[in-house]
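A.B. asks: Chains as they are written, first to last, in this note's numbering: chain P, 1 to 535; chain C, 536 to 871.
Calculated directly from the structure, the hints in this document are not laboratory data. Note that the structure is a prediction, hence the values are computed from the model and not measured. One thing to keep in mind: the hints can contain errors.
Simulated coverage check for chain P against chain C, where a stretch passes if three residues somewhere in it have a Cβ under 8 Å from a Cβ of chain C [what the hints assert, rightly or not]:
{"no.": "1", "stretch": "44 to 56"}
{"no.": "2", "stretch": "277 to 283"}
{"no.": "3", "stretch": "471 to 482"}
To give an idea of the interface, some chain C residues facing chain P are shown, with a C-beta separation under 8 Å as derived from the structure [as the list claims (entries may be wrong)]:
{"no.": "4", "residue": "Trp679"}
{"no.": "5", "residue": "Phe790"}
{"no.": "6", "residue": "Val818"}
{"no.": "7", "residue": "Ala829"}
A virtual CB, placed ideally from N, CA and C, is assigned to each residue, including glycine.
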Amino acid sequence: MSTTRDDALSTQPAPVDGGGAGGSVSQPRLGPVGWLRYAWRQLTSMRTALFLLLLLSVAAIPGSTFPQRSIDAARTAQWLTDHPTAGPILDRLGFFEVYASPWFAAIYLLLFVSLIGCVAPRSRIHWHQMRSRPPRAPRRLERLAAHRELEVEGDPDAVRERLRQALRSRRYRVHAHDGVTLSAEKGYLKESGNLVFHLALIGVLVGVAWGHLLGWKGDVILPVGQTFANTLSRYDTFSPGPWVDPTDLDPYTIRLDRLDVEFETEDTGRGQFGAPRDFLASATLTDAEGREEEREIAVNRPLETGNGTVFLLGNGYAPRITVRDADGTVIYSDATPFLPEDNNYTSVGAVKVAGAQPDQLGFAGFFLPTGVIDDERGPHSVFPDTLDPQLALTAFQGTLFPAGAPQSVYTLDTAEMTPLPGKDGEGQLRILLRPGDTFDLPEGRGSITFDGIERFAGLSIRTDPGKMLTLVSALLALGGLVLSLVVRRRRVFVRVRPAGEPGRTVVSVGGLAKDDDEGMDDEVAAVLTAPEGTR
Amino acid sequence: MTDTSLAQLSNQAVYSAMAVLTLAMLAYALYLARIAPGHADDASQEAVRERRLVTAGNATDADQDGPVEPAAPDAAQTGGPGDAEPRGARQAAGVGWALTLLGTALLVAGVGLRAAEVHRWPLGNMYEFALVGAMFTLLGFIGWSTRRDLRWLGLFVVTPVLLTLGAAVVVWYTDASELMPSLKSYWLAIHVTVATMTVAVFTIGAALGVLYLVQDRLEAGGGARRSFMARLPSARALERLTYAAHVVAFPMWTFTVIAGAIWARQAWGSYWNWDPKEVWSFVIWTVYAAYLHARATTGWKRQNAVWIALAGFVCVILNFAVVNVYFVGQHSYSGL
Ligand code: HEM
Numbered sequence: 001m002s003t004t005r006d007d008a009l010s011t012q013p014a015p016v017d018g019g020g021a022g023g024s025v026s027q028p029r030l031g032p033v034g035w036l037r038y039a040w041r042q043l044t045s046m047r048t049a050l051f052l053l054l055l056l057s058v059a060a061i062p063g064s065t066f067p068q069r070s071i072d073a074a075r076t077a078q079w080l081t082d083h084p085t086a087g088p089i090l091d092r093l094g095f096f097e098v099y100a101s102p103w104f105a106a107i108y109l110l111l112f113v114s115l116i117g118c119v120a121p122r123s124r125i126h127w128h129q130m131r132s133r134p135p136r137a138p139r140r141l142e143r144l145a146a147h148r149e150l151e152v153e154g155d156p157d158a159v160r161e162r163l164r165q166a167l168r169s170r171r172y173r174v175h176a177h178d179g180v181t182l183s184a185e186k187g188y189l190k191e192s193g194n195l196v197f198h199l200a201l202i203g204v205l206v207g208v209a210w211g212h213l214l215g216w217k218g219d220v221i222l223p224v225g226q227t228f229a230n231t232l233s234r235y236d237t238f239s240p241g242p243w244v245d246p247t248d249l250d251p252y253t254i255r256l257d258r259l260d261v262e263f264e265t266e267d268t269g270r271g272q273f274g275a276p277r278d279f280l281a282s283a284t285l286t287d288a289e290g291r292e293e294e295r296e297i298a299v300n301r302p303l304e305t306g307n308g309t310v311f312l313l314g315n316g317y318a319p320r321i322t323v324r325d326a327d328g329t330v331i332y333s334d335a336t337p338f339l340p341e342d343n344n345y346t347s348v349g350a351v352k353v354a355g356a357q358p359d360q361l362g363f364a365g366f367f368l369p370t371g372v373i374d375d376e377r378g379p380h381s382v383f384p385d386t387l388d389p390q391l392a393l394t395a396f397q398g399t400l401f402p403a404g405a406p407q408s409v410y411t412l413d414t415a416e417m418t419p420l421p422g423k424d425g426e427g428q429l430r431i432l433l434r435p436g437d438t439f440d441l442p443e444g445r446g447s448i449t450f451d452g453i454e455r456f457a458g459l460s461i462r463t464d465p466g467k468m469l470t471l472v473s474a475l476l477a478l479g480g481l482v483l484s485l486v487v488r489r490r491r492v493f494v495r496v497r498p499a500g501e502p503g504r505t506v507v508s509v510g511g512l513a514k515d516d517d518e519g520m521d522d523e524v525a526a527v528l529t530a531p532e533g534t535r
Numbered sequence: 536m537t538d539t540s541l542a543q544l545s546n547q548a549v550y551s552a553m554a555v556l557t558l559a560m561l562a563y564a565l566y567l568a569r570i571a572p573g574h575a576d577d578a579s580q581e582a583v584r585e586r587r588l589v590t591a592g593n594a595t596d597a598d599q600d601g602p603v604e605p606a607a608p609d610a611a612q613t614g615g616p617g618d619a620e621p622r623g624a625r626q627a628a629g630v631g632w633a634l635t636l637l638g639t640a641l642l643v644a645g646v647g648l649r650a651a652e653v654h655r656w657p658l659g660n661m662y663e664f665a666l667v668g669a670m671f672t673l674l675g676f677i678g679w680s681t682r683r684d685l686r687w688l689g690l691f692v693v694t695p696v697l698l699t700l701g702a703a704v705v706v707w708y709t710d711a712s713e714l715m716p717s718l719k720s721y722w723l724a725i726h727v728t729v730a731t732m733t734v735a736v737f738t739i740g741a742a743l744g745v746l747y748l749v750q751d752r753l754e755a756g757g758g759a760r761r762s763f764m765a766r767l768p769s770a771r772a773l774e775r776l777t778y779a780a781h782v783v784a785f786p787m788w789t790f791t792v793i794a795g796a797i798w799a800r801q802a803w804g805s806y807w808n809w810d811p812k813e814v815w816s817f818v819i820w821t822v823y824a825a826y827l828h829a830r831a832t833t834g835w836k837r838q839n840a841v842w843i844a845l846a847g848f849v850c851v852i853l854n855f856a857v858v859n860v861y862f863v864g865q866h867s868y869s870g871l
């Protein structure tokens, strides 16, 4: 059988590798069942496994060279616009979703089918071998790969007993099939380790699949001072696994009390100025029973809630903006998150004043923590912290939500809006505000005030019920792998016979190892000379 | 001492290490040139070769070998691997070994000073990865050399190390700086240290693999009587050494990937995101798994298996030199 390689340890001449490809020269005629058996043997042969492994590695590469939709949808869309011909074809072929594509799945599923088909019979055989005795010593020990003979003091029975002890102390399993030989074997853990390794890989796959089916993740942007409640509607994005009931979330809340952010202020070297140094969110977690607890969330230190782990994955600024109508009545007031676009937190966002009369009002533009506005690059920030915060906006009026279509909170849909004109009715109205500034909108439309700045935390809340299984399986695989690579499977056979003169014995020791085992010769020598007095 | 002067000291140590290692490389090259069969009588050459095969044959049973003193030009030594080597060759190897030790010490100092300067584990950007990787390669070579005679391998270890260091100071140099928040974790010490160690072992394994393929070709063509290759271990022995190196490296890489996944879960919220760096770690893992598999597959030629291992090493290099710099992902720590 090609699926077991135990032949290497057998004392019989190795049988022809019947299961492997090209095992038999003249193919017998096969019926349908025969063909199935043949196909199964092919699939579960080590050559096929090898081929599939190599194929898997090649197939994984496009996922690193092409943007992946599930990781970076924006970059994927951009790639598609940039490559109008190749894009759609590659998209159809799944190049932007490699790890969910049918061909990728086909490869690893075939590999795992092959794996099961290979490991199951090997496990059975190994189980039997572990419980059976080492085989009978071959007739001619000198034919074995390693062999030595020595004449020693003592009669055959006593010498054989000493050798038995020696083998035992070298952790061999020893059995005497007759009165003059010993059969010994050790290193069963090699095959056990190998089987554990392969079986544990299945565990990894199951764990990953389990997490995919039953896990969920949701992202939320939470300005300081605000509270997030763990319900579906509060998430900005929510992606549940296929078997998840998204209405069944634990109703805890998280209030963001503080967000401490530190940036490099010293210009120490290339590109380090302004680099992020530390993020720390202080939050109050209130569980379903109303118990409050102060907790911290930091990068590398997520918050475990019992129903989802809360990760601090992003941060940015949410300027507090108030809009009043002509009478001075507040029609909008909120800490409005602006999304950072670069490392210096040049941030884009929009203010949507749905309650404005007679037309709805919208503002879109940039928040700049340390603002510079030049003609070449337009408004941008030169440092991530708030050294000179500015808000640069343009204003629109009209209908904010045409046909009620869903839209991003960070951009305005201006399809049914018109820009407010600038001074003297020329061009477009540009509003530049620093904290505390108020700008009066033209023609009695009211005013907009930049009250101050909050930070926001980008929180990601995730569950993965499969992760423990994956981790344990992966560690088991590692353990099995080490055993399988370190342990040596060895058989040693001993035969004693009386020497020419009485009271002396000729000991013949032969050794057989799996794979090429250069230590076997020394092992045989050591067995031969180990028992006291045999020197 | 101020941090800037520590930085200068660190850089000076690295430059000195490079100078010393260049000399070591020349010495090892000289050694190989001098052991190449000249016009001496072929019979005794053959005898030497046979004996070298035997001594080189103990890839994994190192407990059987006594510690080999690779640098000892002991004329009285008999039966040892240095036996019957021209005196000049032994001297060259001794010098190579001494310079390797010195260069390694300087490199260790360079890394240590860098760590002192930044007050953290010195594994935060590509320059530091390359430095530490080169250091581990040398340490691995030195460690293995104490168990068996590997003087013939010296040139093939020191050369890639020098190439790495050269690229490090020319292309990847980054002034010392603090870490970005996602790197501040003890997993940095675990994951990245083991990763660089593994790459070091893979490097030695790849050097052996190339030597094996060359030797195998020479042997198939009737032997290379005039080249130094004739004094290296046989193709069979080289293949075993290649395997031995990979048997050590593969579980280490498996551990690297697992540790990386645990850390990714802490830092990014999910243990596997198919980030380009993760993709390539996975590719490397499957390619080396295929190598071990191929070696165990009946009917597969050892040469082809070793080619797979070398393909794995190409992936290792790509993963470092290309993926770090040109691929967009979360692992943006090149410092460039
Ligand atoms: C996910 C797929 C697989 C991976 C990653 C994998 C990996 C490995 C690795 C790394 C080894 C060498 C370490 C050791 O000896 O334990 C190995 C050995 C082995 N594999 Fe796999 N394998 C896979 C699938 C298979 C399949 C499908 C078969 C059966 C056709 C198979 C049969 C074997 C056998 C028999 C050995 C032992 C070889 C020996 O030492 O004699 N493997 N595998």
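A.B. asks: Each hint: holds or not?
C.D. replies: Hint check results:
1. Only when three residues or more bring their CB closer than 8 Å to a CB of chain C does the claim for the stretch 44 to 56 of chain P stand; here the count is 7, and the claim holds.
2. Closer than 8 Å: that is the beta-carbon criterion, and the stretch 277 to 283 of chain P has 3 residues meeting it against chain C, so the requirement of 3 holds.
3. Taking a C-beta to C-beta cut-off of 8 Å, the stretch 471 to 482 of chain P contributes 7 residues in contact with chain C, enough for the three needed, and the coverage statement holds.
4. For tryptophan 679(C), the shortest C-beta to C-beta distance to chain P is roughly 16 Å, which exceeds 8 Å, and the interface hint is violated.
5. With its C-beta approaching chain P no nearer than about 6 Å, phenylalanine 790(C) sits inside the 8 Å limit, and its interface hint holds.
6. Interface hint status for valine 818(C): upheld, as the beta-carbon distance to the closest one in chain P is roughly 5 Å, under 8 Å.
7. Look at alanine 829(C): its Cβ gets to within about 5 Å of chain P, closer than 8 Å, so that hint holds up.
Figure legend: structure checked against the earlier numbered hints; the only hint not met is number 4.
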